[in-house]
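Enquirer: Here are the chains, one letter per residue:
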Amino acid sequence: GESVGLHLPTLSVQEGDNSIINCAYSNSASDYFIWYKQESGKGPQFIIDIRSNMDKRQGQRVTVLLNKTVKHLSLQIAATQPGDSAVYFCAEKNNFNKFYFGSGTKLNVKP
Amino acid sequence: NAGVTQTPKFRILKIGQSMTLQCTQDMNHNYMYWYRQDPGMGLKLIYYSVGAGITDKGEVPNGYNVSRSTTEDFPLRLELAAPSQTSVYFCASREAGPAYEQYFGPGTRLTVT
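Those protein sequence lines, which keep their order, are chains A and B. Position 44 of the first sequence, counted from 1, bears residue number 1036 in the working numbering, the numbering being contiguous throughout. Position 20 of the second sequence, counted from 1, bears residue number 52 in the working numbering, the numbering being contiguous throughout.
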């Protein structure tokens, strides 16, 4: 099966600092990756995505970087705010339209 | 649009009982998914559907069944509930493409005792 793992289970940052959440994936054939945010008691919410033919994609305060050589992607959140506190998941899609999720990183933003 | 709705929100089952988790979406999405999320873990795919009448297994299909008779509805059936099925269940849907963003429901928290 697929293996999508995260390097750090918990990340604590100061309000206003930048956050970087990392994710490793195992299937080199995966062609699409998504980052989701999950607040307590809610379903995951889409943040940003990137296709395998790209290295970088930017959104509002968020950037996703994809390194296919080492099968790694990261989510960067600029000027982290208390409302960013949540669990963040990366997910990869393989050629059969199935999505595989990592175990998540909990982001704590300290005021 | 209500998006993706799931019922019930919470349920406690006894071992061996059966139940159906309901999922409905009003976005006319072709693709629908069922995931389970165990405490402190990511989501694991149970079943998915690419359209009415078409379903396929995900990573952890054992103990579950699905059907897709309409575009809107994608119920998940648990037969002979076991404690290992205690989890939070999420339903999701998405368009056929080119965007792959999935829209998730609020989840059903199931406890089997």
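These aren't lab readings, by the way, just hints derived from the structure by calculation. Here the structure is a predicted model, which is why all the values come from computation and not from measurement. Among the clues, some could well be false.
[As the list claims (entries may be wrong)] Which residues of chain A face chain B? A partial, calculated answer using Cβ under 10 Å:
#1 ILE1026
#2 TYR1028
#3 LYS1048
#4 ARG1049
#5 ALA1070
#6 ALA1071
#7 PRO1074
#8 PHE1081
#9 TYR1092
#10 PHE1093
#11 LYS1102
Think of the CB as a built atom: it goes at the ideal place given N, C-alpha and C, for glycine as much as any other residue.
Enquirer: Compare the structure with each hint and give your call.
Expert: Outcome of the hint check:
no.: 1; hint: ILE1026; result: holds (7 Å)
no.: 2; hint: TYR1028; result: holds (8 Å)
no.: 3; hint: LYS1048; result: violated (18 Å)
no.: 4; hint: ARG1049; result: violated (13 Å)
no.: 5; hint: ALA1070; result: violated (22 Å)
no.: 6; hint: ALA1071; result: violated (24 Å)
no.: 7; hint: PRO1074; result: violated (22 Å)
no.: 8; hint: PHE1081; result: holds (6 Å)
no.: 9; hint: TYR1092; result: holds (7 Å)
no.: 10; hint: PHE1093; result: holds (4 Å)
no.: 11; hint: LYS1102; result: violated (21 Å)
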